[in-house]
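J.: Keeping their order, the protein sequence lines are chains A and B. For the first sequence, this note's numbering assigns the number 151 to the last residue and increments by one with no breaks. For the second sequence, this note's numbering assigns the number 235 to the last residue and increments by one with no breaks.
Derived from the structure by calculation, the hints contain no laboratory data. Warning: the hint list may mix true and false statements.
Pairs of lysine-lysine residues, derived as DSS-like cross-links and limited to a Cα-Cα distance of at most 25 Å, are as follows [said to hold, decoys possible]:
1. B:Lys203 with A:Lys126
2. B:Lys194 with A:Lys60
3. A:Lys60 with A:Lys126
4. B:Lys221 with A:Lys126
5. B:Lys221 with A:Lys134
6. A:Lys134 with B:Lys203
7. A:Lys60 with A:Lys150
Because the structure is a prediction, the values reported are computed rather than measured.
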Amino acid sequence: MPTIRIQAEDFDAGRELEALTKGRRDVGAVASFIGLVRGTNDGHAIHAMGLEHYPGMTEKALAEICREAQSRWDILDTLVIHRVGQLAPGDRIVLVGVSSAHRGEAFQACEFIMDYLKTRAPFWKKESTPQGDKWVDARDSDDVAAQRWKG
Amino acid sequence: MVTLLYFAGLRETLGCSRENVALPVGESTVSMLIADLRNRDPKWSDAFGPDKRFRVAVNQHMADLPTPIKAGDEIAFFPPVTGG
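Chain A on its own, in the form it takes in the complex (with noise of 0.2 Å):
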């Protein structure tokens, strides 16, 4: 069953990695993503990230995504926490973590799985700015990044 949870405060990832193969026997690879708030975006400077959500939506996207991992891949277990609310540069917002016998499935499915979040969950960033506050504009790199899962 994956682990999802949405939450304003910090997490700790080595409590959390520990906790995705605590008792079990038949993990061989643990592979983990951490996304962190950027000082910096496209070469201006950012003071602070505000990040909102769709309650409810996100968990059941967030979910599918993890549900969509466990189908292509051999994976034992998936876990993802991600933060909302105010984060400054530094800040942990994302933890992926995904177990498995194997390395490589693990690997894969934590790539997809942060793919498929930065393109499917319902969460916006909106950076403070010197210039004022700007709401994140979608890349199109992370379309491409998505699509290459496709087939």
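Since chain A is already given, all that's left is putting chain B on it; use the hints.
T.: Chain B in isolation, oriented as in the chain A frame:
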């Protein structure tokens, strides 16, 4: 009645996060609903204009212009997502 939700930049542009609206009698789709919203005034017409990129979800699942809608549905409009 259906519940309409607006998120992020679209919510700010429209000055509305949530509203209930009556559906016309007979079959309805996302596309027909958007046509009604565009008819409200220039602000709405522009926000849902053909040059604007936005997404729609029906009952918390990604939907499309031809997706049918019915009384009781929750229909959300939002800009392309930027999480992660």
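J.: Enumerate the violated hints, using their earlier numbering and listing them in ascending order.
T.: 2, 4, 5
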